[in-house]
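**Q** The chain contents come next:
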Amino acid sequence: MNIKIKVIAALAVFAVSLSQVQAYAEGVFLCMRANESVAITADENNNLKYIEMKASNDAVVYPQISTDGNTYLPFRFICEAAGLKDAADIPADLPDGCFRYLDEAHAYDGIPKVEIRCGGKYYYHNINESFQYETDSGDVRTVSIYNIRGSIYMPMAYLAKITGSSAIWQEDLGQIMFISGDLDRGEFLQENNMLRRDKEIFMEFDYFNNNIIDTPLYLKSDGITVQNLSLEITDFPKVKSVTRSGRDIYYINENGVVSIKSEDINDGAPFSFTDKDGNSFEVLADTVMVVQNKLYGVQISANGEKYGRLFSANLDGTEFGYLNEQNVYNLILKKDGIDLYMFYCEAATKSTIHMIKVSTMDDYEIEITNHNYENVFRDIKQFAVGNKTIYWLDESGVLHITNTEYAVEDIEIVRVDDGNTKIFTEAGSGETLNNIISMNFDYINNVLYVTQVDDTYKVFYYTNKNGMFTRLESGYEEFNGVALFSNLGYRDEYAKAKGYRIVVTPLIYENGTIKVIESEVMRY
Amino acid sequence: MKKLVIAAVMLLVFGTCAYAADPDIGVICYHSVSDNPLKLSTFCISDDEFKSDIEYLKDKGYNCIMPKEMWNSDPGVRNIVLTFDDGYEDFYEVVFPILKEYNVKAAVYIIGSEIDKTGYLKSWQLKEIDQSGLVEIGNHTNIMHSYDYSESELASNSTLREEFIEDVKECNSKLYGILGHGTESFSYPGGKYTSKIDSILRVNLGYTTTFTTDYGIVRTKSDITRPMKRLYRIHGDNMGIIEQRIEKFR
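Taken in order, these protein sequences are the chains called A and B.
By my numbering, the letter at position 31 of the first sequence is numbered 31, and the numbering carries on one by one without gaps.
By my numbering, the letter at position 239 of the second sequence is numbered 239, and the numbering carries on one by one without gaps.
Hints are computed from structural coordinates only; laboratory data are not their basis.
Just so it is clear, the structure is predicted and the values come from calculations on it, not from any experiment.
Wrong hints could be hidden among the right ones.
[Said to hold, decoys possible] Now the in silico label distances, taken between C-beta atoms and shown as ranges:
1) B:F43 with A:K306: 44 to 50 Å
2) B:S146 with A:G304: 41 to 47 Å
3) B:E128 with A:A105: 30 to 36 Å
4) A:N434 with B:L205: 46 to 52 Å
5) A:N303 with B:K196: 56 to 62 Å
6) B:K169 with A:E282: 42 to 48 Å
7) A:G138 with B:D237: 33 to 39 Å
8) B:G177 with A:G164: 53 to 59 Å
9) B:F249 with A:Q190: 56 to 62 Å
10) B:D48 with A:D109: 18 to 24 Å
11) B:L205 with A:E104: 52 to 58 Å
12) B:G61 with A:E104: 34 to 40 Å
13) B:R245 with A:A105: 41 to 47 Å
Positions of the beta carbon are idealized from the N, C-alpha and C atoms, including for glycine.
Start from the sequences, fold in the hints, and give me the full structure.
**A** This is the structure in structure tokens:
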């Protein structure tokens, strides 16, 4: 079997319009990634949010790792994050708690340099001139401050040292943490330095896997409460594809129109999009989701359709545009490490899956073929991309599990044995699991949930660890689906629904087994 | 007896002529050239280093030619070929402006699957580079650049070889779509090749020059008929050192 990914086109450059990081009295938390300009920070209520890093010349900047292993951060951005003030306009001696960059014209000796004064101490360094400093662990590092295409870059660990901030480089994730001031790092990081709110970030605070049964449930901005959006709208219409940015909730209303409302306010209205020519319009859609301060979705031509054009827009509706030329469906979001990927399927073939890497918006066509170059996919109704596995449901209701041996996001082509696409049976029964109407994938625990309907509805789960399907629970057979999300307590929960009746049940995942906590069921 | 003498004389003359026509071309293998000091590594030299290479070659009277010009290169001139593998975007951002500034020719080898991808040359950049007349755009496979295979596997596995050939065609097809013409120069990913594949590339697909990463120079015209050896230009070296290596091979 060949698995081949090829880039189709570099889509529109990813752009977010955000304010600069805010420095609060207690300090600033930043989670960044090498070569990516979008960082995660926390607001005054410690809610996490995305921001775009910019230099004083408005150029987009990002952390860079030098080939000798040092991490460099954009000078002005990170100095401000450390609580220092830009004193570029102060001609006299640098006040304490300030920094400035002096170009050739302003430096006393004509050599561009940076100056920092903090904690009563004064530091200055010529640009491109190497210097040494000793880390807290006693290592002596040789670094420089560089002007890279007009933006000044500073060694992160050095700046952390002189400002008393914490700087953590997680090589395996390519993730950089910078915590300044008196912030409690335990608020954001676990003992292993992993981001404590990783699930919240993964879920984009708002987008959780609720597209399977199109539940109106969403996780509120308090990060704890699961709410039924229908209950916030007059006459309780059936809404779906709920996604949230802050307290702004985007959803698809009963007429299939992308709509917006504010959390806890009993109102809602069609959302107005604007294209580059200034034309305003409403959009019918099958799916809508907020991903890093952009709204993505599949625009359809009639309510109830599922094939349509993939679009993106700013969260205020401006810059509406299509990302490709063809009709697509099954738009899903996946996180791998801290990389975000969107996947979709071509409507024309129903057998070609695409992947968009969100950080670059490069669009890849994934080809999975056997040795005769025959596509293993056909008649895809729905798919999910797991860890080295693609789960796909065909139009006849049969679920296929294709083992790719490598993570789809990482490989371009790989050979694996034939017969890697399997149809599984329920453990012990020997009966093929067919009549599957939907599936849902938990990207955190790598668990697949499927809903089967024959004479009644049943929910099964599958993990690679135990390699088989297990009935999730008996009872509640009248419920017709499952939706998954995580709350701030890092607990997985799932929802079952029939019509407007929804039951939310906490789950515990242990060693490939799912346990249902019946005692904490919530009903809507 | 007379016939034998004539034959001997002719051999001598032909042999002498053949020696005189040896091209003795050094082919330099670059990968990335960056103006970002944080990115410099063994295979990523600085823009200043590249500029000094060009100035050195100019000062020493070297003539930079494209691979397709090797067949008809003037043996009386000190020819050199500058090749850039992988098709990184810094070729457009850093290398191309310097080539234009000094009116120097070069070749860049494109990985088809990487075109338009972040960090690699975009279609519009390839068009502009191609239309400059200074750069020959070559083929570096479509996707097999990322394959993990050995030279012996390439020799023994016919499926892999077939896939390799199809992959070369795929890259050529992509470049044809962008440039309006195909490629006639090929660079083997990782320098790995087999004589069988090289023969197919030249006879069936029309490639006139192919390059490996084996260490050496192109001494004779018959060398041009095989995957040609190159000299790596690595960060920290300079063109004087490379010139000494070329001289050693002569």
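**Q** Falls inside 34 to 40 Å, the C-beta gap from G61 (chain B) to E104 (chain A)?
**A** For E104 (chain A) against G61 (chain B), whose Cβ atoms are near 37 Å apart, the range 34 to 40 Å holds.
**Q** The hint says 53 to 59 Å between G177 (chain B) and G164 (chain A); measuring C-beta to C-beta, is that right?
**A** holds (56 Å)
**Q** Do N303 (chain A) and K196 (chain B) keep their Cβ atoms within the hinted range of 56 to 62 Å?
**A** holds (59 Å)
**Q** For the hint 30 to 36 Å, verify it against the beta carbon of E128 (chain B) and that of A105 (chain A).
**A** Holds, since E128 (chain B) and A105 (chain A) (Cβ atoms, about 35 Å apart) stay within the stated range.
**Q** Hint says 52 to 58 Å; check whether the CB-CB distance for L205 (chain B) and E104 (chain A) agrees.
**A** Given range 52 to 58 Å: holds, Cβ gap about 54 Å.
**Q** How does the Cβ-Cβ distance of F43 (chain B) and K306 (chain A) compare with 44 to 50 Å: does it lie in that range?
**A** Given range 44 to 50 Å: holds, Cβ gap about 47 Å.
**Q** Holds or violated: the 41 to 47 Å window for the beta-carbon distance between S146 (chain B) and G304 (chain A)?
**A** Because 42 Å falls inside the window, the suggested range holds.
**Q** Note whether the CB distance of N434 (chain A) and L205 (chain B) lies within 46 to 52 Å or breaks it.
**A** With Cβ atoms ~48 Å apart, the hint holds.
**Q** Is it true that the C-beta distance of D48 (chain B) to D109 (chain A) lies inside 18 to 24 Å, as the hint says?
**A** Between D48 (chain B) and D109 (chain A), where Cβ atoms are some 23 Å apart, the hint holds.
**Q** Between the beta carbons of K169 (chain B) and E282 (chain A), is the distance compatible with 42 to 48 Å?
**A** holds (47 Å)
**Q** Range hint 56 to 62 Å: satisfied by the CB atoms of F249 (chain B) and Q190 (chain A)?
**A** holds (58 Å)
**Q** Range hint 33 to 39 Å: satisfied by the CB atoms of G138 (chain A) and D237 (chain B)?
**A** holds (34 Å)
Against the hints set out earlier in the document, no violation occurs for any number.
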